[in-house]
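J.: If you want the building blocks of each chain, they are given just below.
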Amino acid sequence: MALSSAARKELSNILGARGVVDSPAGRLAYESDGLALIHETPQLVLLPRNTEECARAMRVLANENVPVVGRGAGTGLSGGATPVAGGAIVGTARMRDVLELNVENRYARVQAGVVNVDLTAMCAKHGLFYAPDPSSQQACTIGGNVAENSGGPHCFKYGATTRHVLGLVIVRADGEILDLSTPRQEPDGLDLVGLFVGSEGTFGIATEVTVRLTKKPAAIETLLAIFPSLDGACDATSDLIAARIEPSAIEILDKLTIEAVEASVFRAGYPKHAEAVLLVEAEGSETEVSTTVRDVTRIARAHGAIEVRSARSESERKKLWAGRKGAFGAMGRIAPDLYVADVCVPRTKLKQLVAETTRIAREKGLKLSNVFHAGDGNLHPNISYDRRNLDEVERVLAAGREIMTLCVAAGGSLTGEHGVGLEKREEMCLVFDDDDLAAMKSVREAWDPTRRLNPGKLLPIHACREARAALAPKSSAAR
Amino acid sequence: MNERVVSELERTFGRDSVTILRARFDGPDLPVLAPRTSEGFREALRLAHRERWTIVPTGLGSKLSWTRAPRKAEFMLSTWAFAGVIAYEPGDGTLTARAGSTMAELATRVANGGHTLTPDVQRPRQATLGGVIAAAHSGSDRLRYGSVREHVLGLDVLLGDGTSAKSGGRLVKNVTGYDLHRLFAGSHGSLCLILEASLRLFPLPEEDCLISIAAADRAQMLRWSRTILDADARPISFTAVRVDPLQPAFEWSLSVRLGGRREVVAAERASLAQRLPACVVLEGSQARGEVEALRDKNFGEIDGPLLRVEVRPAAFGIALELLEQLLQAPDAQASFRPRWWCEPGLARIDVALRPLAHDPELLARSVRTLRGALSGLGGRVRLFHAASDVTVDPFGEEPQGIALMHAIRERLDPARVFASGRFLEPR
Chain A
1 MALSSAARKE LSNILGARGV VDSPAGRLAY ESDGLALIHE TPQLVLLPRN TEECARAMRV
61 LANENVPVVG RGAGTGLSGG ATPVAGGAIV GTARMRDVLE LNVENRYARV QAGVVNVDLT
121 AMCAKHGLFY APDPSSQQAC TIGGNVAENS GGPHCFKYGA TTRHVLGLVI VRADGEILDL
181 STPRQEPDGL DLVGLFVGSE GTFGIATEVT VRLTKKPAAI ETLLAIFPSL DGACDATSDL
241 IAARIEPSAI EILDKLTIEA VEASVFRAGY PKHAEAVLLV EAEGSETEVS TTVRDVTRIA
301 RAHGAIEVRS ARSESERKKL WAGRKGAFGA MGRIAPDLYV ADVCVPRTKL KQLVAETTRI
361 AREKGLKLSN VFHAGDGNLH PNISYDRRNL DEVERVLAAG REIMTLCVAA GGSLTGEHGV
421 GLEKREEMCL VFDDDDLAAM KSVREAWDPT RRLNPGKLLP IHACREARAA LAPKSSAAR
Chain B
1 MNERVVSELE RTFGRDSVTI LRARFDGPDL PVLAPRTSEG FREALRLAHR ERWTIVPTGL
61 GSKLSWTRAP RKAEFMLSTW AFAGVIAYEP GDGTLTARAG STMAELATRV ANGGHTLTPD
121 VQRPRQATLG GVIAAAHSGS DRLRYGSVRE HVLGLDVLLG DGTSAKSGGR LVKNVTGYDL
181 HRLFAGSHGS LCLILEASLR LFPLPEEDCL ISIAAADRAQ MLRWSRTILD ADARPISFTA
241 VRVDPLQPAF EWSLSVRLGG RREVVAAERA SLAQRLPACV VLEGSQARGE VEALRDKNFG
301 EIDGPLLRVE VRPAAFGIAL ELLEQLLQAP DAQASFRPRW WCEPGLARID VALRPLAHDP
361 ELLARSVRTL RGALSGLGGR VRLFHAASDV TVDPFGEEPQ GIALMHAIRE RLDPARVFAS
421 GRFLEPR
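Those protein sequences? They're chains A and B, same order as listed. Residues 1 to 479 in the numbering used here are what the first sequence lists, from first letter to last. Residues 1 to 427 in the numbering used here are what the second sequence lists, from first letter to last.
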């Protein structure tokens, strides 16, 4: 629905000139998130500075019956922040204040637009850190992390965002402010905070987040195990899990990823002759770290690791991680576009599923690389492509669907950390039946009876019967 | 008891599936239906929905007195006969089991594969998996592993009309769909009946160790608590029990449970022993036995109401002092014989109030006073096992978002098949 001129004026009064983006060029910057294949230009972009402004703006949008899509930094990879035709974007880019840092009780209360890495930097001098560390942490916001229940390499030990959110302030669809910000060990009443995390912008806009801060470990050691085969690295991971070894992160990078990283500004010193590397971090007391390092080394060697080496300095450790986190960016050297799949599988089936994804890519003539959170069974088969090549785009999307179907059939799931968004919406029927989805829909409607918040995302818009029939190849979404 | 309900249940499900149990809350005895199949549960809920009956979901009934008595209930629907492991994947560290399985049987099963089950709840033979999740019951091992709701990977539940709703799955990482299992964990049977649950498991400690030390008074207990929590150790649990006041030598007994890799436990033990003079150390099966005995004494041996106070870590000492003052007042001393159990690492204080006299108004007033005094410290005061004439809400003041909570309930259970009045509803 087109906004009335009176509503536009009211929004300008509430948010000021910098808080309203309505020029065609300005709006174009918001037409997609990290899933650039799907795009739509919003009617208007609103950038409130705080909860009050957000609530007032949301009331105006409610009166005008305008759909709303929340947005952090737009780094999401599933289309969760893709605008809706005729809708408004409510972004948190100007909500970047740290409202409270409570060192004694180890929590922080921040505005939703605070960048993930800045939060950790802010509390580092107190010996604390914020544990969830998505690869995009240099840019992604805490609010976006809440919406997607984001993960990252160290979630293997510390758990995803949901384990670290103690409270929220939420602006609902009608502009009501729901203040759940007081940190509690257990929720008062139903766990609305836990339910909200990962709701992908369909329940409300989180404007303030109370997060748990974690004490920095006494010792950290980062290992790089070099393998002559990707299978060896996968088997070593499965064995580490089965042996109940507890490092803080277990990551795998394959040959193509290593080559891309080493040719980029993220060069980390990964050996180019390796078919795969296993990047493992051990944290804790000195004894904990030394026993973990010993066990990881033994298991890696048993699975054919040519070499297992430790980072010799803090700067080398940081470089190894910068390479891992910069891997998606480095893929730009292979092709102009990158499709990042995000599926989860039981950790006993890593090798099998990685081999299957390789087969799928090969059969479709696509360039596949693997860099993933092996310890959590969270695969990221990455397909490099050129969106101007419509035939290639078709093959990429088909491969993505095939990979999801395969993983679900193996006891896995559609997404481990990127969310369902638009990309995997119809595939939800592979995991859930109509009754399951009806219950989810009921809960969504309790939060947002008007269904204006991020409409068309996360839940299939058709009954599963129809959706399954439609899971045939889709038409190109490329420009 | 409604005879028509009993005869209808017996006619539909057979006499063997229905027993009559003395209600654990004030009110008439209720029939308990315990189906053995998921279809049996569906049929029971459909029947209740059709007849406009209300039901109380339960496991073995050990937590029924954690909430208030229902306003009205025709029968209890129990999962006790619906037990067993569906999938235990040692290579993946996950477990899926039916809701009526006891925590004890599940813990034994996964221990054989080298895993430990959290939460380590009191009296695990009387606690079912479904009941523990529905009540969001975390044990003392929360200090290391976190709360139970953090480790529920997925749930299969039935809604009030008998339809099923699944969320999450069996994977340690998964963000597919809404986390309805977070909503259902701690919903105390007000939204659904839990049929199956999947949990994340943790490594079974290679070595167990229990370090105990006596503290002369509260001040010393707090100092040693700080020492223990600041040490280079990651205890599984840490409890401080106030000793019977008739023993004059010391007031508090502190117990730190260590567990994990052999070398790690040895190093942690050495680090703590160095800081804590005259501590007593138990190892292996002796340590495990003592941990279980300590655990089961807490909630297990209660013959009156229990107060649970949770505050922010920095306010633990203040909260303890406030609570002591409150219970040292003459009227409180005449009415209760308190038994104290603290978890300093969680900033949690449990006080079992063995009644010397029945004074529901004093109890209600004490809870209100405490809530008022602690509200500024992020405090939360819960009351367990309270009689129905205690007028205070056991869960606390009306929470933020109550209207939304009611809206969620209205959407999921519009016919109010799950009994009202127990949770989130003023009297």
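To be clear, the hints were calculated from the coordinates, so they are not data collected in a lab. Backbone N, C-alpha and C fix where the C-beta goes; we use that ideal spot for every residue, glycine too. Careful, some of the hints might be misleading.
[What the hints assert, rightly or not] With the Cβ distance kept under 7 Å, some of the chain B side facing chain A (calculated, not the full set):
id, residue
1, Asn112
2, Asn174
3, Tyr178
4, Asp179
5, Pro203
6, Pro205
7, Leu229
8, Asp232
9, Glu283
10, Gly284
11, Arg288
12, Pro313
13, Gly317
[Claimed, not checked] Incomplete in silico selection of chain B near chain A, CB under 10 Å:
id, residue
14, Asp92
15, Thr94
16, Arg125
17, Gln126
18, Arg149
19, Ser271
20, Ala273
21, Arg275
22, Leu276
23, Pro277
24, Ala278
25, Gln400
26, Met405
J.: Now look at each hint and say whether the structure bears it out.
T.: Tested hints:
Restraint check, B:Asn112 versus chain A: the minimum CB separation of about 13 Å is more than 7 Å; hint violated. Because the smallest distance between the Cβ of B:Asn174 and any Cβ of chain A comes to about 5 Å, under 7 Å, the interface hint for this residue holds. Taking 7 Å as the C-beta contact cut-off toward chain A, the hint placing B:Tyr178 at the interface holds, the least distance being around 5 Å. Evaluation of the B:Asp179 hint against chain A yields a held restraint, the C-beta minimum of about 6 Å falling below 7 Å.
The beta carbon of B:Pro203 comes within 4 Å of a beta carbon in chain A, closer than 7 Å, and the hint placing it at the interface holds. With its C-beta approaching chain A no nearer than about 10 Å, B:Pro205 sits outside the 7 Å limit, and its interface hint is violated. Against a cut-off of 7 Å between C-beta atoms, the interface hint on B:Leu229 is violated, since the closest Cβ of chain A lies about 10 Å away. Annotation: B:Asp232 was flagged as interfacial toward chain A, and the flag holds, the nearest CB pair being 5 Å apart, inside 7 Å.
Residue-level restraint check for B:Glu283 is violated (minimum Cβ-Cβ distance to chain A is 17 Å; threshold 7 Å). Hint status for B:Gly284: violated, given a least beta-carbon distance of 19 Å to chain A, over 7 Å. A hinted interface residue such as B:Arg288 counts as satisfied when its beta carbon comes closer than 7 Å to some beta carbon of chain A; here the least separation is about 18 Å, so the hint is violated. Here the hint on B:Pro313 is kept, as its CB sits about 5 Å from the closest CB of chain A, short of 7 Å.
Of the supplied interface hints, the one on B:Gly317 is violated, with its beta-carbon coming no nearer than about 12 Å to a beta-carbon of chain A, more than 7 Å. Taking 10 Å as the C-beta cut-off, the interface hint given for B:Asp92 holds, the closest approach to chain A being about 5 Å. The criterion of a C-beta within 10 Å of any C-beta in chain A is met by B:Thr94, whose closest approach is roughly 8 Å, and the hint holds. Contact between B:Arg125 and chain A, as hinted, is not supported at the beta carbon level, the nearest pair being about 25 Å apart and thus beyond 10 Å.
Among the interface hints, the one on B:Gln126 is violated; its C-beta lies about 22 Å from the nearest C-beta in chain A, farther than the 10 Å criterion. Restraint check, B:Arg149 versus chain A: the minimum CB separation of about 6 Å is within 10 Å; hint holds. Taking 10 Å as the C-beta cut-off, the interface hint given for B:Ser271 holds, the closest approach to chain A being about 8 Å. The closest approach between the C-beta of B:Ala273 and any C-beta of chain A is roughly 15 Å, which is over the 10 Å cut-off, so the hint fails.
Annotation: B:Arg275 was flagged as interfacial toward chain A, and the flag is violated, the nearest CB pair being 14 Å apart, outside 10 Å. A distance limit of 10 Å between C-beta atoms decides the matter here; for B:Leu276 the minimum to chain A is near 17 Å, and the interface restraint is violated. Because the smallest distance between the Cβ of B:Pro277 and any Cβ of chain A comes to about 22 Å, over 10 Å, the interface hint for this residue is violated. A least Cβ separation of about 24 Å between B:Ala278 and chain A goes past the 10 Å threshold, and the interface hint is therefore violated.
Taken as an interface hint, B:Gln400 checks out: its beta carbon lies about 5 Å from the nearest beta carbon of chain A, inside 10 Å. Hint status for B:Met405: holds, given a least beta-carbon distance of 5 Å to chain A, under 10 Å.
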